[in-house]
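Chemist: Order-wise, the sequence lines are chains A and B.
The opening position of the first sequence corresponds to residue 1 in the numbering used here, with each subsequent residue numbered one higher.
The opening position of the second sequence corresponds to residue 1001 in the numbering used here, with each subsequent residue numbered one higher.
Rather than coming from a laboratory, the hints here were simulated on the basis of the structure.
None of these values were measured; they are calculated from a predicted model.
Where is the CB? At the ideal position from N, CA and C, for every residue including glycine.
Here are the computed distance ranges between Cβ atoms for each label pair:
{"#": "1", "chain 1": "A", "residue 1": "Gly124", "chain 2": "B", "residue 2": "Ala1275", "range": "26 to 34 angstroms"}
{"#": "2", "chain 1": "A", "residue 1": "Val141", "chain 2": "B", "residue 2": "Gly1134", "range": "28 to 36 angstroms"}
{"#": "3", "chain 1": "B", "residue 1": "Phe1223", "chain 2": "A", "residue 2": "Gly30", "range": "33 to 41 angstroms"}
{"#": "4", "chain 1": "B", "residue 1": "Arg1009", "chain 2": "A", "residue 2": "Lys149", "range": "25 to 33 angstroms"}
{"#": "5", "chain 1": "B", "residue 1": "Ala1260", "chain 2": "A", "residue 2": "Val141", "range": "53 to 61 angstroms"}
{"#": "6", "chain 1": "A", "residue 1": "Ser31", "chain 2": "B", "residue 2": "Ile1198", "range": "29 to 37 angstroms"}
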Amino acid sequence: MQASNPLPLTSLGVSTAPAIHAHGLVKRFGSTLALDGLDLDVEEGTLLALLGPNGAGKTTAVRIFTTLLKPDEGHASVAGFDVVKEAERLKSSIGLAGQEAAIDEYLTGRENLEMMGRLYHLSGRDARRRAAELLEQFDLVAAADRVAKTYSGGMRRRLDLGASLIVLPPVLFLDEPTTGLDPRSRRQMWDVIALLVTEGTTVLLTTQYLEEADELAHRIAVVDAGRVIAEGTADELKTRIGGDRIEVAVARDADLVRAEEIVRRHVGGQATFDPTQRRFSGGSRDGAGELSALVRDLDAASVGIEDLQLRRPSLDDVFLTLTGRQAEDVSDEKPRKRRWRRS
Amino acid sequence: MGTAPTGVRAAAARYRPVQRRSRFAWALLDAMVLARRSLLQTVRIPSLIVFVAIQPIMFVLLFRYVFGGAIRVPGGQYVNYLMPGIFVQTVAFGGITTGIGLAEDMQKGIVDRFRTLPMSSSAVLTGRTIADLGRNLFTVIIMLIVGFAVGFRIQGSVLSFLSGMLLLMGFSFAFSWIAALIGISVGSVEAAQSGGFIWLFPLTFASSVFVPVSTMPVWLQGFAEHNPVSVVANAMRGLFNVDPSLTAADTRSAVIQSVAWIAAILLVFVPLSIARYRRTTRG
Chain A
1 MQASNPLPLT SLGVSTAPAI HAHGLVKRFG STLALDGLDL DVEEGTLLAL
51 LGPNGAGKTT AVRIFTTLLK PDEGHASVAG FDVVKEAERL KSSIGLAGQE
101 AAIDEYLTGR ENLEMMGRLY HLSGRDARRR AAELLEQFDL VAAADRVAKT
151 YSGGMRRRLD LGASLIVLPP VLFLDEPTTG LDPRSRRQMW DVIALLVTEG
201 TTVLLTTQYL EEADELAHRI AVVDAGRVIA EGTADELKTR IGGDRIEVAV
251 ARDADLVRAE EIVRRHVGGQ ATFDPTQRRF SGGSRDGAGE LSALVRDLDA
301 ASVGIEDLQL RRPSLDDVFL TLTGRQAEDV SDEKPRKRRW RRS
Chain B
1001 MGTAPTGVRA AAARYRPVQR RSRFAWALLD AMVLARRSLL QTVRIPSLIV
1051 FVAIQPIMFV LLFRYVFGGA IRVPGGQYVN YLMPGIFVQT VAFGGITTGI
1101 GLAEDMQKGI VDRFRTLPMS SSAVLTGRTI ADLGRNLFTV IIMLIVGFAV
1151 GFRIQGSVLS FLSGMLLLMG FSFAFSWIAA LIGISVGSVE AAQSGGFIWL
1201 FPLTFASSVF VPVSTMPVWL QGFAEHNPVS VVANAMRGLF NVDPSLTAAD
1251 TRSAVIQSVA WIAAILLVFV PLSIARYRRT TRG
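Based on the sequences and whatever the hints tell you, model everything.
Modeler: Rendered as structure tokens:
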């Protein structure tokens, strides 16, 4: 498993038991099956991205690992501690930063960090010193004595992440740390997370963005309906879904049959078709070259093209390929825009 | 971030949690940290300042001047009868801050963060109820000052005055724990607000707070007489020596009943709330 890690693991010594382990986790909420036999292993000092749409069970898994929920079936351990039987000892080895920043809006950034420091049982003097350090490290000095209510989304996430690093536990859980952030704030979060991993922290990160997983993760586990449906490095997953995506929309219904035959020749059997938009879509191993060949062939067959694009695969594509259906929101949360493009 | 933070791990490694303290000491220290948080919130939320400082002053003035002339109490001045009652009513309602605050914490992510910390879990509740105690003490002091300004006079020793205040604070603490259980049980801030208020109206109005129980219909007197709000108000009236209709024996009995009520409420609601908090998780 280590050989396939794309990043150098500076702090990874001899092979040990996985820092995070789950076997056959099942969790039900009433009649809803949130986790349906989830298996997972995260090696010490690596980052594993749990990739899936809203409602896939990512947050439920994180809540079990962080002792906030008890599993109905199966077992899990973090840093060698059982999440149920050794919950109290486990707590000293983990940090959690969530999608809703767990900070007090009416306290200043400094007061928030000092409070968390005291609750981690640092002495008063240490809590103050540690808060000052983290404010510096997370570029919050100027806003340190303003109440957190006035902070931007990016600042809140940074404060939240800072609070989870007070005594820097060996295992960190980041539940959608960049959902809802602008591209610049997202990039800043990525830099911090990458640094923490370089320094040897084991991280389990949940995300809805394939790009985020691609950027940060040693390994990616794709979750659907409470189960891991695919796992591997970013490259392995991309190979499975066939590299970059080619999309072509045909101008006239009359050309569809001819167009389909040509498209299938170029993008392989995985091509999908959306009749309302007369749009074909499929993976391509050699994006640009394949695209120009496709255009030439369509042109030669005088098929009118309405729209044409080559883009990086998204979570939707992963899902479409792995499950044959779109990555739908299965939760009842209000819909948000899920996808964003590389800036 | 301009420059990315460097050496986060190395920096964190310099800090070690303090180890040598008993579980009880930690529970108390954690509670104080969270009580401080709750009090800081009070100062920064304008509606809370109104609730804690302005509304009680308004009550004192309204009852003193609007109803004061119409309501007769046997053998004494209404303002002297009224003030201890208003104190009890105010601290009873003051506990709602605990309920609302806890409901808000449960709704937001911050309780999840607390639960993953190696801190005492009861501190989340104790911190709130201790903060309420501080807030209520502050409110009562303001009301005492306003009360003295509008003619409230007490008699008796300093010791019995302090005993009365101690009883009031005990009552305040006990009622905060009832509000705590409501706050963590209802699941939303709005429900904590209405659920926190609704049961207090019959309890504080069908009591001796505003009028003597003897003026009520007989079927209500039994309830009003033994209701903890009446009992504590009467104990304070006796200790402050402001109600000539209370004999020394009446006062002694009211004090004993008050202590019993406070102890009983705490014995039931503290363990119940803590157990409920440990069980409840956001879905």
